[in-house]
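Undergrad: Chain order of the listed sequences is A and B.
Mapped onto the numbering used here, the consecutive letters of the first sequence carry residue numbers 742 to 853.
Mapped onto the numbering used here, the consecutive letters of the second sequence carry residue numbers 2 to 112.
Keep in mind the hints are simulated off the structure, nothing from the lab.
There could be a bad hint or two in this list.
[What the hints assert, rightly or not] Here are the simulated lysine-lysine pairs, BS3-like style, with alpha carbons at most 27 Å apart:
| # | chain 1 | residue 1 | chain 2 | residue 2 |
| --- | --- | --- | --- | --- |
| 1 | B | Lys46 | A | Lys798 |
| 2 | B | Lys43 | A | Lys752 |
| 3 | A | Lys752 | B | Lys46 |
| 4 | B | Lys80 | B | Lys46 |
| 5 | A | Lys758 | A | Lys798 |
| 6 | A | Lys798 | A | Lys752 |
| 7 | A | Lys798 | A | Lys756 |
| 8 | B | Lys43 | A | Lys798 |
| 9 | B | Lys43 | B | Lys3 |
| 10 | B | Lys3 | A | Lys798 |
| 11 | A | Lys756 | B | Lys43 |
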Amino acid sequence: GAGVSQSPSNKVTEKGKDVELRCDPISGHTALYWYRQSLGQGLEFLIYFQGNSAPDKSGLPSDRFSAERTGGSVSTLTIQRTQQEDSAVYLCATSAGINEQYFGPGTRLTVT
Amino acid sequence: RKEVEQDPGPFNVPEGATVAFNCTYSNSASQSFFWYRQDCRKEPKLLMSVYSSGNEDGRFTAQLNRASQYISLLIRDSKLSDSATYLCVVNRGDSSYKLIFGSGTRLLVRP
Numbered sequence: 742g743a744g745v746s747q748s749p750s751n752k753v754t755e756k757g758k759d760v761e762l763r764c765d766p767i768s769g770h771t772a773l774y775w776y777r778q779s780l781g782q783g784l785e786f787l788i789y790f791q792g793n794s795a796p797d798k799s800g801l802p803s804d805r806f807s808a809e810r811t812g813g814s815v816s817t818l819t820i821q822r823t824q825q826e827d828s829a830v831y832l833c834a835t836s837a838g839i840n841e842q843y844f845g846p847g848t849r850l851t852v853t
Numbered sequence: 002r003k004e005v006e007q008d009p010g011p012f013n014v015p016e017g018a019t020v021a022f023n024c025t026y027s028n029s030a031s032q033s034f035f036w037y038r039q040d041c042r043k044e045p046k047l048l049m050s051v052y053s054s055g056n057e058d059g060r061f062t063a064q065l066n067r068a069s070q071y072i073s074l075l076i077r078d079s080k081l082s083d084s085a086t087y088l089c090v091v092n093r094g095d096s097s098y099k100l101i102f103g104s105g106t107r108l109l110v111r112p
């Protein structure tokens, strides 16, 4: 079946602009996670959704970052007023409960 | 102390070698354990789950030691294609579905 998909695959934006990153989960996966990974670094947890609610937003780096999920399906991560330090790969993962997570291919964000 | 700790490596081994990675975790309430593999500039992919009794999948064997809170991954007969970063992953052991990812151990298999 179809895996997790993310769009765009690459995004280059100017400092100060807003960006939206999209994640389409595996059908039926109720849990959805956003991570960030800088070059050569480990995964940094951002936010977790269970259905449409976000019980844990503890990893969002600042109030410029927000995310929503609608219909228990698609999620959007929004970064406002992007900064150069926001450049990274943004990964989405989904799971069916307390089981293993499956990752999308990521969105590579470059802020110039 | 990090919740999941791994030796970053790199482990540089010849083809055909056997190599083992260990990982320690801090939360004794953790119940689910996994090894993921991440190739350069790619997303992490599930390699195998780790069960209490230990489990094997072809050339890969995973072990769990709850008393000492460590997990191991053994790769036998290493292939060039095994070169990647191996991530040790545990769950939080609470009501959340969050997984905690180690920073990874890098493996380089040389001809």
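Undergrad: Please verify whether Lys43 of chain B and Lys3 of chain B have alpha carbons no more than 27 Å apart.
TA: This hinted pair holds, its Cα atoms lying about 24 Å apart.
Undergrad: Would you check the hint for Lys46 of chain B and Lys798 of chain A, treating anything up to 27 Å between C-alpha atoms as holding?
TA: holds, 24 Å
Undergrad: Given the hinted pair Lys798 of chain A and Lys752 of chain A, is their Cα-Cα distance within 27 Å?
TA: holds, 24 Å
Undergrad: Under the criterion that the straight-line Cα-Cα distance not exceed 27 Å, is the pair Lys752 of chain A, Lys46 of chain B satisfied?
TA: holds, 23 Å
Undergrad: Tell me if the straight-line CA distance from Lys756 of chain A to Lys43 of chain B falls inside 27 Å.
TA: It holds: about 25 Å lies between the C-alpha atoms, which stays within 27 Å.
Undergrad: Would you check the hint for Lys43 of chain B and Lys798 of chain A, treating anything up to 27 Å between C-alpha atoms as holding?
TA: Holds - the C-alpha atoms of Lys798 of chain A and Lys43 of chain B are around 25 Å apart, at most 27 Å.
Undergrad: Does Lys752 of chain A lie within 27 Å of Lys43 of chain B when you go C-alpha to C-alpha?
TA: holds, 16 Å
Undergrad: Given the hinted pair Lys80 of chain B and Lys46 of chain B, is their alpha-carbon gap at most 27 Å?
TA: Roughly 18 Å separates the two Cα atoms, so the pair holds.
Undergrad: Straight-line Cα separation of Lys798 of chain A and Lys756 of chain A no greater than 27 Å?
TA: holds, 24 Å
Undergrad: With a cut-off of 27 Å on the C-alpha distance, tell me whether Lys3 of chain B and Lys798 of chain A pass.
TA: holds, 20 Å
Undergrad: Starting from Lys758 of chain A, check that the Cα of Lys798 of chain A is at most 27 Å away, please.
TA: holds, 23 Å
When each numbered hint is compared with the structure, no violation occurs for any of them.
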